[in-house]
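Chains as they are written, first to last, in the working numbering: chain A, 27 to 313; chain B, 9 to 358.
Don't take each hint at face value.
Stated by the list, open to error - Listed next, with one range per pair, are the computed distances between beta-carbon atoms:
hint	chain 1	residue 1	chain 2	residue 2	range
1	B	50	A	99	54 to 62 angstroms
2	A	283	B	274	42 to 50 angstroms
3	B	203	A	283	35 to 43 angstroms
4	B	13	A	268	31 to 39 angstroms
5	A	189	B	137	33 to 41 angstroms
6	A	227	B	162	23 to 31 angstroms
7	A	283	B	38	48 to 56 angstroms
Unchecked claim - Sample of chain B residues lacking proximity to chain A, with all beta carbon distances greater than 10 angstroms (derived):
hint	residue
8	104
9	133
10	154
11	166
12	170
13	310
14	355
It is worth saying that the hints were derived from the structure and are not from the lab.
Glycine is no exception: its CB is placed at the ideal position from the N, C-alpha and C atoms.
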Amino acid sequence: MIEAFLFPVFRSATPLMLAAMGGVWCERSGVTQIALEGIMLIGAFFGAVAAYSTGSAWLGFAGGMLAGMIFSSIYGVMVLHARANQIVAGMAMNFLAMGVPPVLSAFWYGSAGSTPMLPESARFEWFPIFFALASVVVSAVLYSKSRFGLRMRFAGEHPKALATAGVSVLVKRWQGVLISGALAAAAGAALSLCLASSYSRGMSAGRGFIALAAVILGKWKPIPTALACLLFGVAEAAQIRLQGVVLWGTEAVPVQFIQMLPYIVTLVVLAGFVGRAKAPEALGHME
Amino acid sequence: MILFLRTLLGVGAGLGAGLCVAAYVGESPWKVFKVLMGSSFGSAYSLGTTLLYAVPLLLTGMAVAIPFRAGLFNIGAEGQLTIGALTAASVAILFPDLPPFFAVLTALVAAALGGGLWGGFVGWLKATRGSHEVITSIMMNFIAAALASYVALYWIKDPSSAAAESVSISESYRLIPWTLFEGASMGLALPICLAIALILHFVLERSVFGFRLKAVGENENAAQYHGISRERVWIESMFLSGALAGLVALPEVLGNAYKFKLGFSPGYGFVGIAVALVARGKIIHILWSSLLFAVLQKGSASLDLETEHLNRDIVYWIQALIILGVSAEVLWSRIFQWRRERNRRKARST
Numbered sequence: 027m028i029e030a031f032l033f034p035v036f037r038s039a040t041p042l043m044l045a046a047m048g049g050v051w052c053e054r055s056g057v058t059q060i061a062l063e064g065i066m067l068i069g070a071f072f073g074a075v076a077a078y079s080t081g082s083a084w085l086g087f088a089g090g091m092l093a094g095m096i097f098s099s100i101y102g103v104m105v106l107h108a109r110a111n112q113i114v115a116g117m118a119m120n121f122l123a124m125g126v127p128p129v130l131s132a133f134w135y136g137s138a139g140s141t142p143m144l145p146e147s148a149r150f151e152w153f154p155i156f157f158a159l160a161s162v163v164v165s166a167v168l169y170s171k172s173r174f175g176l177r178m179r180f181a182g183e184h185p186k187a188l189a190t191a192g193v194s195v196l197v198k199r200w201q202g203v204l205i206s207g208a209l210a211a212a213a214g215a216a217l218s219l220c221l222a223s224s225y226s227r228g229m230s231a232g233r234g235f236i237a238l239a240a241v242i243l244g245k246w247k248p249i250p251t252a253l254a255c256l257l258f259g260v261a262e263a264a265q266i267r268l269q270g271v272v273l274w275g276t277e278a279v280p281v282q283f284i285q286m287l288p289y290i291v292t293l294v295v296l297a298g299f300v301g302r303a304k305a306p307e308a309l310g311h312m313e
Numbered sequence: 009m010i011l012f013l014r015t016l017l018g019v020g021a022g023l024g025a026g027l028c029v030a031a032y033v034g035e036s037p038w039k040v041f042k043v044l045m046g047s048s049f050g051s052a053y054s055l056g057t058t059l060l061y062a063v064p065l066l067l068t069g070m071a072v073a074i075p076f077r078a079g080l081f082n083i084g085a086e087g088q089l090t091i092g093a094l095t096a097a098s099v100a101i102l103f104p105d106l107p108p109f110f111a112v113l114t115a116l117v118a119a120a121l122g123g124g125l126w127g128g129f130v131g132w133l134k135a136t137r138g139s140h141e142v143i144t145s146i147m148m149n150f151i152a153a154a155l156a157s158y159v160a161l162y163w164i165k166d167p168s169s170a171a172a173e174s175v176s177i178s179e180s181y182r183l184i185p186w187t188l189f190e191g192a193s194m195g196l197a198l199p200i201c202l203a204i205a206l207i208l209h210f211v212l213e214r215s216v217f218g219f220r221l222k223a224v225g226e227n228e229n230a231a232q233y234h235g236i237s238r239e240r241v242w243i244e245s246m247f248l249s250g251a252l253a254g255l256v257a258l259p260e261v262l263g264n265a266y267k268f269k270l271g272f273s274p275g276y277g278f279v280g281i282a283v284a285l286v287a288r289g290k291i292i293h294i295l296w297s298s299l300l301f302a303v304l305q306k307g308s309a310s311l312d313l314e315t316e317h318l319n320r321d322i323v324y325w326i327q328a329l330i331i332l333g334v335s336a337e338v339l340w341s342r343i344f345q346w347r348r349e350r351n352r353r354k355a356r357s358t
């Protein structure tokens with residue numbers, strides 16, 4: 027019973043945790059990151075492309091992360107140098123990520139909807155789950171025990187103090203953007219290389235936004251954020267388990283209400299339990 | 009004027025970059041441009057169909073622009089328009105026997121109320137619970153999609169149809185398309201929505217309500233000191249925004265399909281964000297920016313048919329690049345500054 031439930035929970039929580047850790051670092055450094063969803067799609071697509079063309083899951087995963095970093099650096103240039111509004115530019119990145127995979131996969135593979143099925147050898151069974159847990163542990167340690175973590179937090183909380191100490195706020199924020207690109211793309215690669223066996227259109231299915239909700243729910247701290255991801259993982263796993271189950275009366279719960287579950291949980295939790303979550307002081311502001 | 013020029017520069021840069029992608033996959037940019045223009049304005053029929061995209065975008069563009077003025081970012085227009093169309097269709101199916109004029113009015117109020125409450129809830133959550141509107145409105149989108157699927161499949165389903173769509177609404181609810189457009193389903197919805205836009209333009213620029221919106225958007229603290237409740241402004245602007253998005257039922261349900269079809273919107277709510285951004289939140293500018301994005305939407309369908317290597321998804325690239333181009337404020341202002349300085353230097357040296 028525990029195995030049958032715990033495994034699906036961790037499987038569902040894996041992409042959420044990876045993307046959410048990216049979100050934590052980016053937002054801690056003072057840059058709003060609503061493009062997690064788009065970066066995930068990019069990671070899922072280029073991860074599958076790299077795995078398919080090299081035949082190696084490892085190279086696929088690395089390729090996906092690299093693509094995510096390149097993609098997020100467009101965002102970095104836009105918000106850190108061209109001073110675009112971060113939410114607006116983030117939405118634009120999400121749009122771009124919806125368009126890039128179908129056009130390229132139609133051009134490369136002749137199908138706009140998905141990449142070719144990956145052979146067993148080019149897929150992962152366990153690795154992304156471990157990678158996600160490792161990213162949480164490493165983030166938590168760096169966050170509270172390292173100079174790097176302290177400086178990242180200051181970049182988002184009190185950039186002037188950081189600058190006065192002789193550390194470049196811009197560099198810290200670039201690091202935040204790139205980390206979020208790598209980790210959110212890893213989340214996408216986990217989808218296409220582990221949870222499924224190829225990239226398919228829109229496969230991130232709102233997970234990037236749920237990861238962002240988890241970041242807010244976890245008050246921008248790694249461990250609470252990871253716990254929030256597990257909560258959403260439970261909701262998603264329950265959603266799969268509940269389909270066709272008769273809870274009361276004679277009819278099965280309509281599938282639509284089960285589909286709503288993770289989103290309603292997010293809303294209730296955001297409205298009810300967080301209280302007024304305190305965002306990093308300088309989040310979204312450029313000096 | 010310079011602001012307008014900067015916007016134009018951003019749009020041009022985005023469009024140009026998008027067409028370069030077309031060149032990469034082996035399609036001549038000029039041909040893509042011609043296909044886009046031809047399929048949008050080639051005949052009275054295609055103009056009518058383009059307007060069929062433009063009118064919903066006009067509504068959702070305003071739905072994003074109005075809270076934007078108050079400093080809120082409404083990503084929920086997609087969910088709000090789904091709920092608006094759903095309530096309008098449901099009301100029309102529940103009360104099929106209303107007299108013609110009254111019927112349309114009832115459906116309109118239902119659509120505005122449905123969308124308005126859906127959007128207002130997001131404003132209320134922000135005002136009373138402090139939940140960030142971006143996240144909550146995205147969640148409300150997902151919930152709206154699932155709810156619409158439930159209602160369309162279980163409550164108002166057309167049993168004779170294999171698709172997830174409702175039964176047709178009765179004659180008295182229907183807006184008859186103008187013969188001017190040679191068969192495109194565009195009629196009364198166009199002048200009604202234009203009138204709404206003009207009225208809202210004056211409300212935003214000239215009324216106390218418009219001033220309160222702007223005051224909260226520009227400086228929350230100053231507004232609070234002057235006795236303007238930002239919470240009230242948040243709820244009101246999100247309600248109005250949702251109501252506008254809900255009115256998409258007018259061109260789509262009452263004017264075009266005559267029924268609620270699941271997934272009828274090709275992302276009007278999201279494209280509305282781009283529309284509002286390019287217009288910089290000004291209603292008057294939304295009039296042309298909604299047409300611009302309608303051309304892209306309409307043209308994208310033709311790209312599938314008329315080009316070999318491109319599909320409609322290229323439009324996402326163009327939209328994204330236009331948004332990025334327009335939002336790169338500092339880039340363009342630096343370029344203008346640089347030119348101004350060069351001119352000054354020239355003037356000094358002569």
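Now for the hints, and whether the structure bears them out:
Judged by the Cβ atoms, the range 54 to 62 angstroms given for residue 50 of chain B and residue 99 of chain A is violated: they are separated by roughly 40 angstroms. In this structure the supplied range 42 to 50 angstroms is violated for residue 283 of chain A paired with residue 274 of chain B, their Cβ-Cβ distance being about 26 angstroms. Against the hinted window of 35 to 43 angstroms, the Cβ-Cβ separation of residue 203 of chain B and residue 283 of chain A comes to about 39 angstroms, which satisfies the hint. For residue 13 of chain B paired with residue 268 of chain A, a C-beta distance near 56 angstroms fails the hint of 31 to 39 angstroms.
The hint said 33 to 41 angstroms for the Cβ distance between residue 189 of chain A and residue 137 of chain B, and at roughly 35 angstroms that hint holds. In this structure the hint that residue 227 of chain A and residue 162 of chain B lie 23 to 31 angstroms apart at CB holds, the actual value being about 27 angstroms. As the Cβ distance of residue 283 of chain A to residue 38 of chain B is approximately 51 angstroms, the hint placing it in 48 to 56 angstroms holds. With a closest Cβ-Cβ approach of about 26 angstroms to chain A, residue 104 of chain B is found to remain outside the 10 angstroms limit, as its non-interface label requires.
Not every CB of chain A is more than 10 angstroms from the CB of residue 133 of chain B (nearest about 5 angstroms), against its label as outside the interface. The beta carbon of residue 154 of chain B sits about 4 angstroms from the closest Cβ of chain A, which is not more than 10 angstroms, so the claim that it is off the interface is violated. Listed as outside the interface, residue 166 of chain B is consistent with that label: its C-beta sits roughly 18 angstroms from the nearest C-beta of chain A, beyond the 10 angstroms cut-off. Under the 10 angstroms C-beta cut-off, the non-interface status given to residue 170 of chain B relative to chain A holds; the minimum distance is some 18 angstroms.
Non-interface status of residue 310 of chain B relative to chain A is upheld: no Cβ of that chain comes within 10 angstroms, the nearest being about 16 angstroms off. Look at residue 355 of chain B: its CB is around 29 angstroms from the nearest CB on chain A, clear of 10 angstroms, so calling it non-interface holds up.
Of the numbered hints stated above, those contradicted by the structure are hints 1, 2, 4, 9, 10, listed in ascending order.
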